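Novice: Chains A and B are the protein sequences, given in the same order. Per the numbering used here, the very first residue in the first sequence carries number 72; after that it's consecutive. Per the numbering used here, the very first residue in the second sequence carries number -15; after that it's consecutive.
One or more of the hints may lead you astray.
FRET-style restraints, in silico, Cβ to Cβ [claimed, not checked]:
no.: 1; chain 1: A; residue 1: Ala142; chain 2: B; residue 2: Thr97; range: 42 to 48 Å
no.: 2; chain 1: A; residue 1: Pro80; chain 2: B; residue 2: Gly69; range: 21 to 27 Å
no.: 3; chain 1: B; residue 1: Arg65; chain 2: A; residue 2: Glu88; range: 21 to 27 Å
no.: 4; chain 1: B; residue 1: Gly(-13); chain 2: A; residue 2: Lys126; range: 33 to 39 Å
no.: 5; chain 1: B; residue 1: Leu44; chain 2: A; residue 2: Glu81; range: 23 to 29 Å
no.: 6; chain 1: B; residue 1: Arg65; chain 2: A; residue 2: Thr89; range: 48 to 54 Å
Here are a few chain B residues that sit away from chain A, every Cβ distance over 12 Å (derived from the structure) [said to hold, decoys possible]:
no.: 7; residue: Val(-12)
no.: 8; residue: Asn(-9)
no.: 9; residue: Asn14
no.: 10; residue: Gln21
no.: 11; residue: Glu36
no.: 12; residue: Asp47
no.: 13; residue: Arg48
no.: 14; residue: Glu52
no.: 15; residue: Phe58
no.: 16; residue: Glu62
no.: 17; residue: Gly69
no.: 18; residue: Ala77
no.: 19; residue: Thr87
no.: 20; residue: Gly91
no.: 21; residue: Arg95
no.: 22; residue: Val98
So these bits of chain B aren't anywhere near chain A, every CB distance computed over 10 Å [to be verified]:
no.: 23; residue: Lys(-2)
no.: 24; residue: Asn2
no.: 25; residue: Gln64
In short, the hints are calculated from the structure, not lab data. Note that this is a predicted model, so its numbers are computed, not measured. C-beta atoms are modelled at their ideal positions from N, C-alpha and C, and glycine is treated no differently.
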Amino acid sequence: AQTVTQSQPEMSVQEAETVTLSCTYDTSENNYYLFWYKQPPSRQMILVIRQEAYKQQNATENRFSVNFQKAAKSFSLKISDSQLGDTAMYFCAFEETSGSRLTFGEGTQLTVNP
Amino acid sequence: DTGVSQNPRHKITKRGQNVTFRCDPISEHNRLYWYRQTLGQGPEFLTYFQNEAQLEKSRLLSDRFSAERPKGSFSTLEIQRTEQGDSAMYLCASSLAGGGADTQYFGPGTRLTVL
């Protein structure tokens, strides 16, 4: 069974600075998908970024980028120029095959301080 | 573009009662997922449908839980004889199968409190 581990329960960063959230996973599959979701205090889960394991290039979405290390089974999220609205719980998620279940990590509570 | 909607948003019930939640997916999405999230934890998969077919059920889904998607559009999740341990946020997500990574879009959830 796949497992996803987020070792940082809480993190904080000053507004406009950069922060990196860590995620590791365990799988025997070669092709799979990885996601970062954000859950603000209103609790609606929002997709931040996704990465296909067969792609070597790291995904980027505006201020959000990932560092995908397939051999190390590591998938970290970098948030640049942090904004107050980035304050949320961030979940790393693994999908074995397209359209199958998501396996989530425990989450990292990120607080952006003014 | 309307997103995934869930009703009710909050439900308080007494132990032993039955409850039913509804999820309306994004209109063209053919896959629909149910997850359960307890406070401070990541969501846990319960079950999912492609069109009206229930393709997978988690072992978390005990006999007291049943989910349906009769016409391949909205879905219902029923919990019979609720227990205090059922208190959680129940999340629904939908996606459009095919063409690569099927991104799941989540609804706002239904928060269940069992007294």
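Novice: Just to be sure I understand the hint, the distance between the Cβ atoms of Gly(-13) of chain B and Lys126 of chain A should be within 33 to 39 Å; is that true here?
Specialist: violated (27 Å)
Novice: Could you tell me whether the CB distance from Ala142 of chain A to Thr97 of chain B stays inside 42 to 48 Å?
Specialist: Since the Cβ atoms of Ala142 of chain A and Thr97 of chain B sit about 45 Å apart, the hinted range of 42 to 48 Å holds.
Novice: Check the non-interface label on Val98 of chain B: least C-beta distance to chain A beyond 12 Å or not.
Specialist: holds (19 Å)
Novice: Please check whether the beta-carbon of Gly69 of chain B is more than 12 Å away from every beta-carbon in chain A.
Specialist: holds (19 Å)
Novice: Verify that the Cβ of Ala77 of chain B lies farther than 12 Å from every Cβ atom of chain A, and report whether the claim holds or is violated.
Specialist: Not fine: 8 Å to the nearest Cβ puts Ala77 of chain B too close to chain A.
Novice: If I take the minimum Cβ distance from Val(-12) of chain B to any residue of chain A, is it greater than 12 Å?
Specialist: Violated, because the least Cβ-Cβ distance between Val(-12) of chain B and chain A comes to about 9 Å, which does not exceed 12 Å.
Novice: Minimum C-beta separation from Glu36 of chain B to chain A exceeding 12 Å: can you confirm that?
Specialist: The claim holds: Glu36 of chain B sits with its nearest Cβ about 16 Å from chain A, beyond 12 Å.
Novice: Beyond 12 Å on every Cβ pair: is that true for Arg95 of chain B relative to chain A?
Specialist: About 8 Å separates Arg95 of chain B from the closest Cβ of chain A, which leaves it inside 12 Å; violated.
Novice: Is the Cβ of Asp47 of chain B more than 12 Å away from each Cβ in chain A?
Specialist: Fine: 20 Å to the nearest Cβ keeps Asp47 of chain B off the interface.
Novice: A cut-off of 12 Å on Cβ-Cβ distance, and Asn(-9) of chain B was said to be off the interface with chain A. Does that hold?
Specialist: With a cut-off of 12 Å, Asn(-9) of chain B remains clear of chain A, as the shortest Cβ separation is near 14 Å.
Novice: Are all C-beta atoms of chain A more than 12 Å from that of Glu62 of chain B?
Specialist: holds (20 Å)
Novice: Taking 12 Å as the cut and beta carbons as the points, is Gly91 of chain B off the interface with chain A?
Specialist: Incorrect as stated: the minimum Cβ-Cβ distance to chain A is 7 Å, not above 12 Å.
When held up to the earlier numbered hints, the structure conflicts with 3, 4, 7, 9, 10, 18, 19, 20 and 21 and fits the remainder.
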